[in-house]
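K.L.:
Sequence:
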Amino acid sequence: MPVENIIGNLRGAGRLLVIIGGRKVPREAYEASDYNVAVTNQPHSEIAALAIFLDRFFKGRELYMQHEKPRVFVVPSPRGKVICRNPFYKEEGKDG
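For the sequence shown, the residue numbers in our numbering are 1353 to 1448.
Note that these hints are calculated values from the structure, not bench results.
Since the model is a prediction, treat every value here as computed from it, not as a measurement.
Just so it is clear, CB atoms sit at the ideal spot from N, CA and C, and this is done for glycine as well.
A hint or two may mislead.
What the hints assert, rightly or not - Straight-line C-alpha distance at most 16 angstroms; calculated EDC-like pairs for lysine to aspartate or glutamate:
1) 1376 with 1398
2) 1421 with 1443
3) 1411 with 1356
4) 1442 with 1420
Unchecked claim - Derived Cβ-Cβ restraints for the label pairs, each shown as a range:
5) 1357 with 1433: 33 to 39 angstroms
6) 1393 with 1431: 34 to 40 angstroms
7) 1433 with 1370: 23 to 29 angstroms
8) 1374 with 1411: 25 to 31 angstroms
9) 1366 with 1431: 37 to 43 angstroms
10) 1364 with 1439: 35 to 41 angstroms
Kindly generate the complete structure, drawing on both the sequences and the hints.
P.N.:
Below is the structure:
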C-alpha cells in the first residue's frame, strides 16, 4: 500500500521496525509484517526509500529534531562537516 495511505497509522503505532529492500528481504519478513508499504511504484535505492519514509513519518521535522543526549553531533561547515563528540555524554548504567 502507498506510504501516503498508511503513514498516519504508523505514527501512532508505537515502536516500529522498518525493513527496507526488495528481493533481499526474506519472505518471512513479509509474512510476519503488519504492513507492506510502498514508497513509490518506481525503482529507487534503499537509502532513498528510507529517506522518503522518514520524511513522511516525521512530517519534515526530522531536519530540526535534536536528541536529548547525543553521543556525537554534526556541525555544518562550508567544506563538508565536522563531527564532534559530546563531552557531557554518559552511557546509561556507567559511572565514568
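K.L.:
Now tell me if each hint is right for this structure.
P.N.:
So, going through the hints one by one against the coordinates:
1. 1376 with 1398: holds, 11 angstroms
2. 1421 with 1443: holds, 9 angstroms
3. 1411 with 1356: Holds - the C-alpha atoms of residue 1356 and residue 1411 are around 11 angstroms apart, at most 16 angstroms.
4. 1442 with 1420: The hint holds at about 12 angstroms.
5. 1357 with 1433: 33 to 39 angstroms: About 36 angstroms separates the Cβ atoms of residue 1357 and residue 1433, which means 33 to 39 angstroms holds.
6. 1393 with 1431: 34 to 40 angstroms: Hint holds: Cβ distance 38 angstroms, inside 34 to 40 angstroms.
7. 1433 with 1370: 23 to 29 angstroms: Once the Cβ atoms are compared, 25 angstroms apart, the range 23 to 29 angstroms for residue 1370 and residue 1433 holds.
8. 1374 with 1411: 25 to 31 angstroms: For residue 1374 and residue 1411 the Cβ distance comes to about 26 angstroms; the hint holds.
9. 1366 with 1431: 37 to 43 angstroms: Taking Cβ atoms as reference, residue 1366 and residue 1431 lie about 41 angstroms apart, which means the hint holds.
10. 1364 with 1439: 35 to 41 angstroms: holds, 37 angstroms
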